[in-house]
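So the protein lines, in turn, are chains A and B.
Those letters in the first sequence? Residues 1 to 64, per this note's numbering, in order.
Those letters in the second sequence? Residues 1 to 820, per this note's numbering, in order.
One or more hints might be untrue.
[Unchecked claim] Far from chain A, some chain B residues (derived; all Cβ distances over 12 angstroms):
id, residue
1, PRO16
2, GLU94
3, ILE136
4, VAL225
5, GLY236
6, ILE326
7, TRP620
[Said to hold, decoys possible] Chain A regions said to be covered by chain B (calculated; three or more residues, Cβ under 8 angstroms):
id, stretch
8, 8-14
9, 17-31
Keep in mind that the hints were calculated from the coordinates and are not lab data.
Backbone N, C-alpha and C fix where the C-beta goes; we use that ideal spot for every residue, glycine too.
This is what each chain is made of:
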Amino acid sequence: MNMLYVLIPLALLLLAFAAWALIWAIRTGQFDDLESHGWSVVLDDDQKPPPETEEEKESKERKS
Amino acid sequence: MENAEGACFHCGEPIPEGTSLFVQRDGQDRPVCCSGCQAVAELIFSSGLGRYYQFRQDLGRKAEEDLQKDLEAWRGCDDRESLWGAELAEGRRELLLQTEGIRCAACAWLIRSHMETRPGVQSVQVDTATGYTRIIWNPEKYTLSRLAGALMELGYKPHLPLASAEEQGRQEERRNSMKRLGVAGLGMMQVMMYAVGLYAGDAFGIGVAERSFLEWVSLMVTLPVLIYSGRIYFEGAWRSIRAGRPGMDVPVALAISLAFIASCYNFFRGAGEVWFDSVVMFIFFLSLGRHIEMMLRHRNLQAGTALARLLPEWAERITEAGRETIPASDLVDGDHVLVRVGESFPADGVLKDGSTDVDEALLTGESRAVNRRVGDAIIAGTINLSQPVEIEVTASGQETTISSLGRLLLLAQSKRPSTSAIPSWLVPVFIIAVLFIAGGTWLGWQFVDPDRAFSAMLSVLVASCPCALSLALPVVYAAASRRLLDDGVLLTRGEALQALTHVSNVVFDKTGTLTRGTPEITRVEINPVRTSYDEKQVLQIAAALESASAHPIARAFQLAGDDAHEGTSLKANNVAVYSALGLKGVINGSEWKIGSAGFVTPGADTAGDDHIWLSDEAGWVACFQLQDSLREDAENCIRELVDDGLRITMLSGDSTDAVDRIADRLHIADRHARQTPEMKLAKLEQMRASGSHVLMVGDGVNDAPILAAADVSMTVKGGAELANSAADMILTSDSLSLVNRAMETARRTRQLVRQNLTWAVLYNASVMPLAISGMLKPWMAALGMSLSSLLVVANASRLVRREQAGKPSGQPQQNKVEPV
Chain A
1 MNMLYVLIPL
11 ALLLLAFAAW
21 ALIWAIRTGQ
31 FDDLESHGWS
41 VVLDDDQKPP
51 PETEEEKESK
61 ERKS
Chain B
1 MENAEGACFH
11 CGEPIPEGTS
21 LFVQRDGQDR
31 PVCCSGCQAV
41 AELIFSSGLG
51 RYYQFRQDLG
61 RKAEEDLQKD
71 LEAWRGCDDR
81 ESLWGAELAE
91 GRRELLLQTE
101 GIRCAACAWL
111 IRSHMETRPG
121 VQSVQVDTAT
131 GYTRIIWNPE
141 KYTLSRLAGA
151 LMELGYKPHL
161 PLASAEEQGR
171 QEERRNSMKR
181 LGVAGLGMMQ
191 VMMYAVGLYA
201 GDAFGIGVAE
211 RSFLEWVSLM
221 VTLPVLIYSG
231 RIYFEGAWRS
241 IRAGRPGMDV
251 PVALAISLAF
261 IASCYNFFRG
271 AGEVWFDSVV
281 MFIFFLSLGR
291 HIEMMLRHRN
301 LQAGTALARL
311 LPEWAERITE
321 AGRETIPASD
331 LVDGDHVLVR
341 VGESFPADGV
351 LKDGSTDVDE
361 ALLTGESRAV
371 NRRVGDAIIA
381 GTINLSQPVE
391 IEVTASGQET
401 TISSLGRLLL
411 LAQSKRPSTS
421 AIPSWLVPVF
431 IIAVLFIAGG
441 TWLGWQFVDP
451 DRAFSAMLSV
461 LVASCPCALS
471 LALPVVYAAA
481 SRRLLDDGVL
491 LTRGEALQAL
501 THVSNVVFDK
511 TGTLTRGTPE
521 ITRVEINPVR
531 TSYDEKQVLQ
541 IAAALESASA
551 HPIARAFQLA
561 GDDAHEGTSL
571 KANNVAVYSA
581 LGLKGVINGS
591 EWKIGSAGFV
601 TPGADTAGDD
611 HIWLSDEAGW
621 VACFQLQDSL
631 REDAENCIRE
641 LVDDGLRITM
651 LSGDSTDAVD
661 RIADRLHIAD
671 RHARQTPEMK
681 LAKLEQMRAS
691 GSHVLMVGDG
701 VNDAPILAAA
711 DVSMTVKGGA
721 ELANSAADMI
731 LTSDSLSLVN
741 RAMETARRTR
751 QLVRQNLTWA
761 VLYNASVMPL
771 AISGMLKPWM
781 AALGMSLSSL
791 LVVANASRLV
801 RREQAGKPSG
811 QPQQNKVEPV
């Protein structure tokens, strides 16, 4: 039965970690949108064009 | 999602004749309807995001063709720090933009993928249910206008981040509630586990040291849960006591604190029971119930604020330096503003230059345009129909007539669903009674078995918690109003649903309610001496002349002209608009006039208000009679109401002829024409005096007193939106079948309310004697109470879920209840 004195405090540590992780996840908004992230698995392309640079953006604006 | 033949690849709208615009994809040309949609689709493909089209569940929003004007306006706001959103560390900002056009998860992905590649944008989150886009960005690396521009490029329409504070607050509330729930849940699981050990120990024997160790661990877990998750109950109880009206939180706070203190006492003296498990379980299930209730409430609010957007966002201010586009909320008294044709006025003001027809249907429900001249007052939100004009601002933003009335409306909406079945004075009485019974139980047990006195008293406190009873009505009403909102009915007064089930008579207004309130050409008369023209020709001529105008009457002609169209279309040149009189223009070399009798041929016989005359240089050619057209589903609506056993009455201020024409088509026998508001009111009171319960369906301001006097009232879309404050329900879409839907929902609601009340009362009544007699342990009472609250909530949510099953599969499922 002495194992209890080791295992239960360990479980409490895990509990504290779980509570912290949950609060962190909620605070950083990971539960705000539960729908669209699932889609990125099928939607995301492996190849994406490089992000637009400032110069390109400006030249585009001048054109329009 | 596949599009129909001849529909735009991007937005699915029919492609106008003569348009041949395409986007290239997989070697195929896909047709699009306009250059706006073309630009959007090309951008999506060229950024490698073409899979959006494969996976989207709903069509895109029709894109604007010209983004430059909007972009220009946004650019003017680049330097305003107040619009950049909440400040984060390292110069970053968190911006919340309400965005039009977000319809499914694929949209969210598209926006995220496109926006996150912009420089200075750190992360983007899209909430598909509410349409809010949350952007974390650095304003020094990327400007606000470019952010807005990036959204516009994709065919979405961002709104100025003005009203986002409320949403921010709601999100905070949601997160906090979730955190409390999560902590209580984790704690509960642990404590229950130790409780199993303790109960097993009771049955099979356990060492003293192990026992006190398990109790000690339970205490260590319960304490943070009590402080973190249980705090709101103490705060709520304290608030309600200070306000002199003890609420439901008082016995809750009392039960959990007493149970906790007594458990600690027993633990430290090393004898007697502990109830830590009951404490955490009670907190967890209460939090769960509150969380679900909050989610339902937020959904209602979100849909409500979207409807409140009545004023235009931007205004064109005239300054000495020229014109500039600024946010309408920036206008101050004395500014001069240019309002173009078809735009709505951004602020209250006085007309300074020009004269124009104004559509004030928003306020009055009257579709006929009103002529306004220099010096006349203009009300914000009304629409400028015929000439570009300049106004001087007299009140803007929150001060405008419309905003103050809109606030009243919102106030009425945000009133919590009433729990009218439980009068408010009863709550404190009930609470005090519970406290007395609990005290009595403790006293009684002192004579029988003092050891069990405390446990029995706790059970009474927990079991009596009328959570299910107090939730029974609000959750059903919240679910019902949610359901109604999805159907297109805005509920402003919770009690109205109850009243709706008792209705025996339905009174309809005619103009704007049973009819559209917009004119339709019902008869064309050709001048007997000008028989060279036939009906189609005159309609085409009239349509060509009217095509320049945005007046409701012109709409009628444009529609009729489209029907009479035979390949060749006529074009009118040099069209001049004479406000409130008519139009003049040149077709095929000869000058035509269309308008009122006096305008077209001075001295002609004036046959009545709703006749429009058409003439050329030689005299009048044709005469058109315009009448109000019936709403398409009016007949169905009336038939179903009659089938339900309701008596239908029609009250109208219109002439006997017009009333008879509509009433005959709808088979309404009980009809009254030429009614003044006072007469309508008298009729209504007469009906109510004879014991009938009346539902009034109406629109304009003149109906307001009758709407307020009826047992239940509804207003129809397109009616005076602000007369709606007198109504219990507002139909937000253009369909009368909503009346029937609302009746059905009301019946369902009554059924659910009865089920819930019966259950809650039965449960509380049957459990109380068990608790007093000590047969019910505190943990059983907590479990039973919580389960019975959950049952009530689940029963109510059936109202929302049933509706989703009936939705067509192509629709995005926006309203899914998030897993808790």
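Evaluated hints:
no.	hint	result
1	PRO16	holds (24 angstroms)
2	GLU94	violated (10 angstroms)
3	ILE136	violated (10 angstroms)
4	VAL225	violated (10 angstroms)
5	GLY236	holds (22 angstroms)
6	ILE326	holds (21 angstroms)
7	TRP620	holds (51 angstroms)
8	8-14	holds (count 3)
9	17-31	holds (count 8)
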